[in-house]
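Take the sequences, apply the hints, and build the full model.
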Amino acid sequence: MTDFLIDIGFSRDLAVLVAKTLGVFALAMIGLVWTIFLIWVERKVAGRFQDRLGPNRAGPFGLVQSFADAIKIILKEDIMHSGVDRWVFNIAPLLSVMAVLLLWVVIPFTPTLIGVDLSIGVLYLFAVGSLSSVAILMAGWGSNNKFALMGAFRAVAQLISYEVPMALTMLVPVVLTGSMSTQDVVFGQHVWYVFAVPLTLLIFIIASMAELGRAPFDILEAESELVAGYQVEYSGFKFGLFYVGEFLHAFTVGVVMAVLFFGGWRGPFAEDVPLLGFFYLLIKSFIGYFVVLWIRMTVPRVRVDQMLDLGWKFLVPLSLVNLLVVALVWKIIPGTDTIDSFGDALVPSLVLLVVNIVMILGVGALLREQGRRDRQRLEAKRAALEPAEAAPASAGR
Amino acid sequence: MVPLYMYLLVAAGLFSIGLYGVLSRRNAIAILMSIELMLNAANINLVAFWRYGQPANVSGQAFAAFVFVVAAAEVAVGLALIINIYRRRRSVVAEDVDLLKW
Amino acid sequence: MTVNEWVFVGLFLALAWLLPATPVFLAKFLAPKRPNPVKQQVYECGIETEGDTWVQFRAQYYVYALVFLLFDVEVVFLFPWALAYNKLGLFALFEVVVFITLLIVALLYTWRKRALAWSS
Amino acid sequence: MELTVESLVFLLFSLITLGGGLLVVTTRNLFHGALFLMLSLFGVAGLFVLLTAPFLAGIQVVVYIGAIAILIIFAIMLTPQVTTTQPTNSQWIAALVVAVVLFALLASVVTPILSELGAEGWGASFTEKNPPPVPEDSIVELGSAFVDPERFMLPFEVASILLMAALVGAVMLVRPTPDEEEDAAPPEVSERALVESQE
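Read top to bottom, the protein sequences are chains A, B, C and D. When we follow my numbering, the leftmost residue of the first sequence carries the number 246, and every step to the right adds one. When we follow my numbering, the leftmost residue of the second sequence carries the number 85, and every step to the right adds one. When we follow my numbering, the leftmost residue of the third sequence carries the number 2, and every step to the right adds one. When we follow my numbering, the leftmost residue of the fourth sequence carries the number 951, and every step to the right adds one.
Derived by calculation from the structure, the hints in this document are not laboratory data. Heads up, a few of these hints could be off.
Said to hold, decoys possible - Some but not every residue of chain C turned toward chain A, in silico, with C-beta under 8 Å: (1) Val8; (2) Phe9; (3) Trp18; (4) Val99.
Unchecked claim - BS3-like mimics (lysine-lysine), calculated; alpha carbons at most 27 Å apart, straight line: (5) A:Lys321 <-> A:Lys289; (6) A:Lys317 <-> C:Lys34; (7) A:Lys626 <-> C:Lys114; (8) A:Lys317 <-> C:Lys114; (9) A:Lys317 <-> A:Lys289; (10) A:Lys626 <-> A:Lys558.
For each residue, glycine too, the CB sits at the ideal point set by N, CA and C.
See the structure below:
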C-alpha cells in the first residue's frame, strides 16, 4: 500500500500517513458496520433461547432488519428536554462508542495484520476500558434527571468494582508471556492459556460480564427501578450509539478473551496462511460471544449488594491470590523463561492446570460452606421472627 | 525533537495555573483539583528531564510513578476530609473552616 | 520503542469521534424537530419532577471509588513487575507478596468496619 | 522551533493541557471542572507519549482519568455545592498576580529568551534537542528496578504502606457517623419492628 502510494508520486511521510489513515478508517468502519450485523445475531440467538424465531421478515432470515432499524433511528426525532447540559449530553454517547472502538487498535487479527502492536498492549486494553465509566457519568449528569444520575452512579460503582479483578486477570497472560504486547501474548500461547489457567479465564468472564453491564449484571439498566438507567433521556441516534457501544462491547469481550486465553489467531497452518488465522480468531470470538449471550439469556439479575459483595469480597481477593499462585508456580518450574515451542510449554502448563483444578475445587468447597452457613443464618432468623419473642438479631456486630 | 525547554514551559504554565486555582478558588474540591494540576506539572518535568537527560536510566519514570501513588493517596484522604467537614459544617468553602486560624 | 507506532492510535482516536458523530449530525437535518413543553419535560414516569436533580448520594459510593482508586494504583505497579517477572528471582515475588498483603489488610479493615456493606 | 509533525502534535497536546487547566480553575460548575481536569490530564498523557514514556501515559489514563477524576466526581455529588455564583475568593487578583509573576520567572529561567536578549548567567540552558533513544526494554527495566533492593525496593514497599494508610484513614473519615446510622435502621431491626407492630 505504502509502496504503491510512493510509486504514484507521494512523498514518503505522506504515503505512510495516507496508508495509516486508510487503515484506521477501514478498521473503524468495519467495526461499526459489524455491530449492525451483531445486533441481528444477538436478536436471532435471543429469539431461539426464548423459543421464538427472532427477526425473519426483512430479507433472508431477517438479515436486513437491523440495517432498516439503523436507518429508522436516524430519522427519529432527537428530543433535547429542558435543562440538559448540552455539551456533556451530546458528547457522552460518542465517548461510549469510542471507548469500545479504541480497543480494536491492538487486536491481532493474523500473525501480520494488527492495527498497531503497542509495547504496552495489555495495559492499553485496561486503560481504554476504564474510559467507559466517564461516558456513563457524563450521560447521567448531562440528562438532568434523577433516575439517570442515580443509574449512572450505580453503573459506575459496578464498573469500577469489577475493573480491579479484570486487570489482575489480564496480568496473568503478561506473567506467562513476559510481554505486554498483544501479538506477543498470542505468539507465546504454544499451549492455549485456557488449558493452563482456567480459573483466570473464569474470573475474566465474570468481570467482563459485569463491565458489559448486561444480565445478570444489568443493574445499571434495571428497567423496573431506574426506568433505563443513565440512558433514560436519550432518543434518536444518540440512544442508538449507546446501543451500538453495548453490542460492539459484547463482541469485543469475546475477541479479547480469544486473544488472551484462546490463542488468538492460532490454529493449524495459521502462520503460513494468514487468512486462516483470521477465521480462527473469528470462530473463537463467536464462541466467546455466544457464551456471553448464553449467560445473559439464562441467569437472572443479581441485587446491587450481591453484585458489590461478589466483586470486592470474592473476586478481588481471589484474583490477587490467583495471580500470586500462578507466579509462584511459574517460578518454581524450571525452564519457564525460555519457552518457544509446544514441547517446552507442555509440562509447565500441565502443572499449572493441576494447581488450577485444585484451586477451583478449593474455592468451590469454600463457597458451598459459605452458602450453607448463610442458609442456616437465614433459617435461624426466620425461626426467630416467627414467635413474638424476637431474638436480638444484630448481636453479632 | 521539540527542544527540552518547550516541555518545561508547558509544565511551568500548568503549575502557575494550578497555583492560581489553589489561591483563588473558594470550593475545597476545586482547590484539590488545582493541586492535581500542579502535581502533573511536576510529573511533566520529571519525565522530560528523564527523556532528555539519561533515557537509559529509568529513575525518572520511577519517580513519576511514585508521584502517582502520592497523588492517589492525597486525593483519597483530602476528599474524605472535605466530605467529613461538609457533614459537620454543611459547607465546602475553604474559608469557612477557620477553627484553627490564629 | 518509538513514538511512530502511536500515530495510528492518534488517527484512530480522531476517527472514533468523527464516525459516530456523522450520523448524529445527519440526523439534525433528516429527523423531525417539533418540540413542545410536555415533550421537553424531564421523564420521571409521568410524574412531574420535584426539586433539584441533585439528591443526596450515599457515602457508600465514595467508599467503593476510594477502594477502587487505591487498588488501581496497586495494579498499575504490578504491570511492570509482571513484565519483568521472568528475569527476576524468588525474592521479587516475596516483595510483591508483601506489597499485596498490605493492601489486602487495608481491604480487610474496610470490610470489618462494614464500610463495604451496601445496606448498613 | 521548526514546524514538523511532531512539533504540531506537541502544540496540540500542550494546548489541550493548558486550556483544560485554565478551564478547571475558572469554570463555575464543579462537574464541568472535573471533566476539564480529565481533558487536561489526557493532554499530559499525550505529552508522555511524545516523550517516549507510553507506560506512564497508560497509567496516567488509568489512574487519573479512570480513578482519581471519578473519585472527585463522586465527592462533588456528596457535597451539593456544584455550582456557585462566586467561585473565587477575595484574594483572586493577588493570586493572579502571583501566578503570572511565577510563570514569568519560571519561563525566563527555563527558556533561552533572556540569554538571547543579552542577560548573562540568568537562565539555565535547556536547549537540548537530540537526546539518545530510549532503550527497547525500558519498561522491563522499570519493573526490575521496582523490586531491586539496591534501587527502588524501599520506595515500592513504602508506596504500599502509604496506600494502606490512605485507605484506612479515608475510610475512617467517611464512615457514616453514628447519628446517620440511626437514620438508616439496619434491616434486622426493621423486621423486628414490623413483627412488633403487628402485635
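Consistency of the hints with the structure:
Here the hint on Val8 of chain C is kept, as its CB sits about 6 Å from the closest CB of chain A, short of 8 Å. At its closest, the beta carbon of Phe9 of chain C sits 4 Å from a beta carbon of chain A; the interface hint therefore holds under the 8 Å criterion. The closest approach between the C-beta of Trp18 of chain C and any C-beta of chain A is roughly 6 Å, which is under the 8 Å cut-off, so the hint is satisfied. Residue-level restraint check for Val99 of chain C is violated (minimum Cβ-Cβ distance to chain A is 11 Å; threshold 8 Å).
Between Lys321 of chain A and Lys289 of chain A the CA atoms are separated by roughly 24 Å; this keeps the pair inside 27 Å, and the hint holds. With a C-alpha separation of about 15 Å, the suggested pairing of Lys317 of chain A with Lys34 of chain C holds against the 27 Å cut-off. Between Lys626 of chain A and Lys114 of chain C the CA atoms are separated by roughly 23 Å; this keeps the pair inside 27 Å, and the hint holds. Using a Cα cut-off of 27 Å, the hinted pair Lys317 of chain A and Lys114 of chain C is violated, with the two alpha carbons roughly 53 Å apart.
Restraint check: the Cα-Cα separation between Lys317 of chain A and Lys289 of chain A comes to about 20 Å, which is no more than 27 Å; the hinted pair holds. The hinted pair formed by Lys626 of chain A and Lys558 of chain A meets the criterion: a straight-line CA distance of about 23 Å does not exceed 27 Å.
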